[in-house]
Amino acid sequence: MYRYDAIDRSVIQDRSAEFRDQVERRLSGALTEEHFKPLRLMNGLYLQLHAYMLRVAIPYGALSSDQLRGLARIGRIYDKGYGHFTTRQNLQFNWIRLEQTPDILDALAEVDLHAIQTSGNCIRNTTSDPYAGATAEEVDDPRVWCEAIRQWSTLHPEFSYLPRKFKIAVTAAPQDRTAAKVHDIGLVLRRDRDGQLGFEVMVGGGMGRTPYLGTTIREHLPVQSLLSYLSAILRVYNRHGRRDNIFKARVKILVAALGAGEFARQVEAEWTTMDRVAVDLPDVELARIRGAFSYVRFVDASPVSSSLEAARRADPTLGRFVRNNVKPHKIAGHAIVNISLKTPGEVPGDCSSDQMDAIANLADQYGYGEIRVTHEQNLVLPHVKLDDLAAVHAGLKAAGLACPNVGLASDIIACPGLDYCSLANTRAIPVAQSIAQRFSMPDVAESVGELKIKISGCINACGHHHVGHIGILGVDKKGEEFFQLTLGGSGAEDASLGDVLGPAVAYDQVTPAVDALVQAYLRERRGAERFLDTYRRVGLTPFKAAVYAEAH
Amino acid sequence: MPKLISRDGPEASSFVWREDGFTHIADDEAPGGELGQVIISLSRFQADGDRWLAEGRSVGVRLKPEDPVEGLAYDLPRLAVVALEFPKFRDGRALSAAALLRERYGYAGELRAVGEVVRDLAKEMSRCGFDSFEPSDGSTPEQWTISVFRFRHVYQSAADRRAPAFRERIHIPTAEG
Ligand code: SF4
Numbered sequence: 007m008y009r010y011d012a013i014d015r016s017v018i019q020d021r022s023a024e025f026r027d028q029v030e031r032r033l034s035g036a037l038t039e040e041h042f043k044p045l046r047l048m049n050g051l052y053l054q055l056h057a058y059m060l061r062v063a064i065p066y067g068a069l070s071s072d073q074l075r076g077l078a079r080i081g082r083i084y085d086k087g088y089g090h091f092t093t094r095q096n097l098q099f100n101w102i103r104l105e106q107t108p109d110i111l112d113a114l115a116e117v118d119l120h121a122i123q124t125s126g127n128c129i130r131n132t133t134s135d136p137y138a139g140a141t142a143e144e145v146d147d148p149r150v151w152c153e154a155i156r157q158w159s160t161l162h163p164e165f166s167y168l169p170r171k172f173k174i175a176v177t178a179a180p181q182d183r184t185a186a187k188v189h190d191i192g193l194v195l196r197r198d199r200d201g202q203l204g205f206e207v208m209v210g211g212g213m214g215r216t217p218y219l220g221t222t223i224r225e226h227l228p229v230q231s232l233l234s235y236l237s238a239i240l241r242v243y244n245r246h247g248r249r250d251n252i253f254k255a256r257v258k259i260l261v262a263a264l265g266a267g268e269f270a271r272q273v274e275a276e277w278t279t280m281d282r283v284a285v286d287l288p289d290v291e292l293a294r295i296r297g298a299f300s301y302v303r304f305v306d307a308s309p310v311s312s313s314l315e316a317a318r319r320a321d322p323t324l325g326r327f328v329r330n331n332v333k334p335h336k337i338a339g340h341a342i343v344n345i346s347l348k349t350p351g352e353v354p355g356d357c358s359s360d361q362m363d364a365i366a367n368l369a370d371q372y373g374y375g376e377i378r379v380t381h382e383q384n385l386v387l388p389h390v391k392l393d394d395l396a397a398v399h400a401g402l403k404a405a406g407l408a409c410p411n412v413g414l415a416s417d418i419i420a421c422p423g424l425d426y427c428s429l430a431n432t433r434a435i436p437v438a439q440s441i442a443q444r445f446s447m448p449d450v451a452e453s454v455g456e457l458k459i460k461i462s463g464c465i466n467a468c469g470h471h472h473v474g475h476i477g478i479l480g481v482d483k484k485g486e487e488f489f490q491l492t493l494g495g496s497g498a499e500d501a502s503l504g505d506v507l508g509p510a511v512a513y514d515q516v517t518p519a520v521d522a523l524v525q526a527y528l529r530e531r532r533g534a535e536r537f538l539d540t541y542r543r544v545g546l547t548p549f550k551a552a553v554y555a556e557a558h
Numbered sequence: 139m140p141k142l143i144s145r146d147g148p149e150a151s152s153f154v155w156r157e158d159g160f161t162h163i164a165d166d167e168a169p170g171g172e173l174g175q176v177i178i179s180l181s182r183f184q185a186d187g188d189r190w191l192a193e194g195r196s197v198g199v200r201l202k203p204e205d206p207v208e209g210l211a212y213d214l215p216r217l218a219v220v221a222l223e224f225p226k227f228r229d230g231r232a233l234s235a236a237a238l239l240r241e242r243y244g245y246a247g248e249l250r251a252v253g254e255v256v257r258d259l260a261k262e263m264s265r266c267g268f269d270s271f272e273p274s275d276g277s278t279p280e281q282w283t284i285s286v287f288r289f290r291h292v293y294q295s296a297a298d299r300r301a302p303a304f305r306e307r308i309h310i311p312t313a314e315g
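Quick mapping for you: the protein sequence lines, in order, are chains A and B.
The number in the working numbering is simply the position in the first sequence, starting from 1, with 6 added.
The number in the working numbering is simply the position in the second sequence, starting from 1, with 138 added.
Bear in mind the hints are in silico, worked out from the structure with no lab data behind them.
Remember, predicted model here, so these are calculated numbers, not experimental data.
Partial list, derived from the structure: chain B residues whose beta carbon lies under 8 Å from chain A:
| hint | residue |
| --- | --- |
| 1 | Arg231 |
| 2 | Arg242 |
| 3 | Asp258 |
| 4 | Arg290 |
| 5 | Phe304 |
| 6 | Ile308 |
C-beta atoms are modelled at their ideal positions from N, C-alpha and C, and glycine is treated no differently.
All chains should be built: construct the whole structure from the sequences, respecting the hints.
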């Protein structure tokens, strides 16, 4: 993976010193809270219900084992011994004291990590494919371009005080594991007929209270022009995006107001008059970045592992783990291992410091020292030999991390909700826990198959409920927690926004309702259809009937 | 006379106090008897600019974030100052306006930041091409200098012409450490 050089390090050290100065001015009273708030947000520091929350950037979801151990250590010293992986491939510490944050930033900087631009109205951490560099599906390594974007967007002088936050996703595989179409900019790498690499550029996707899927404004942008083209988009947005109403300030609103055609015209006009040579990375720098990602020297391994086959026969839990959590690798004899952070009963996305250490050790021993974070709040060991799978499984089991439910009904995305978040209408974590419990029997979950349930504790949609096969949105009804259900959303390559099922249900009716939806699906399903496929074929009616039947 | 924080020369790496000879004139205000130096709004400039320039005044124009800089392109050689307003420091529109003035329209005169001008944005403003500042937070030139040059390296090329990391790396071998 990309390793920081002296220049990269100096930037995060200098940023840490700058933030220390700002915190000191706040603590001394020289800065008011109103003045300090946008400054602390630029560095991922939120004031939550019970404490400060610090969001650490995990650039495009890639971590080294040393970095994960660093996070574990910080979790032990400054938090309650754990961290929370988010839907944006970042990590949050939930129990932070303001006066300790400068020291935490220094501790992060020691392992080349930081909290730069993890919040605030700026360009956020780029989302990428957690299987990058490991899957045979990709046409190029998306991390090369993510790293280019990381450098360009870090402390960008012109684009750090935008109308609103700005999120970019890069994927290079036909199977989209980044939810590219619900980002402010979604970039899909493809080769054209002549074999030239280019980006399909989509803008204006997003969730929140007015969800949109992104619209394509460029079919094939030559890859070398990525940064100048992004600069043109950002400049149009920075100048013309609305600033009078925070709910109308995302670029999706500007794109919708102008129309995608007019927005594209303005971007092209900006781009063609821009000094692109000054902005775009020269080939030598792109080659340097690319070199950093091709360092893994895969060992020779046989495409079939007889030891794995024997171990699978001996241990059915290993068989189930391999079936659900292990994906094919581009190199023969290797596999991609997904680690579920959704063991039923646990908080989705939480990971204890001890578990982080265990994963880091497994990554060192069996996985070239690399870990990835997925936007579905799970972790990935991207390169594991088939011969080592049984040992990795055993190690995960010992750490309580071997739940074989990736992509299944109990692999639920949930935002922090009322347990932590000051904006929440409802709880989200206990709702997820209750549904996960209902599908905790592995046989039941496997018979239902792929089912993406996503829960948000308010309209801000941090739990991505709009793109859940089943989406659950917490709403407040006269002081009581109610939940609106949506069906048929998807954040993948077949992206769509969910349709509202009907009236919201009470807190204790959510799990029975989800159960009724699943039963209806099992009745209606044809062949190997996923829940989503069945829904798209038959529509709302049978699901509505199943959930609201008893009410009549 | 009020004071400005100003770059100590075009390529200088420090900032100093400078006497401000300009007066901000509101739209309904007379410009003063002497042929003083004035900074006026875009609409006032469109109404009275030609006459005042002909009288021999030095004229600066103050743009609100929603005023298009494009409209000023042909007047730039006649202007003594362009002042761009930050109604709130977190309103970054003036940063794009400054970048356009410097990079697209080649404006080489004084580019002044007015409004909520705080040292926490000193490096962004300076990198986008501002070279004089009416600080609203009591900052001194020394504090301004620290804020602008705190970062030893930058990733982007911008109006301040600092070499971005990707150019420095061509000359410096990649250092591990
Ligand atoms: S969706 Fe709402 S409740 Fe959940 S984390 Fe986001 S803001 Fe908080």
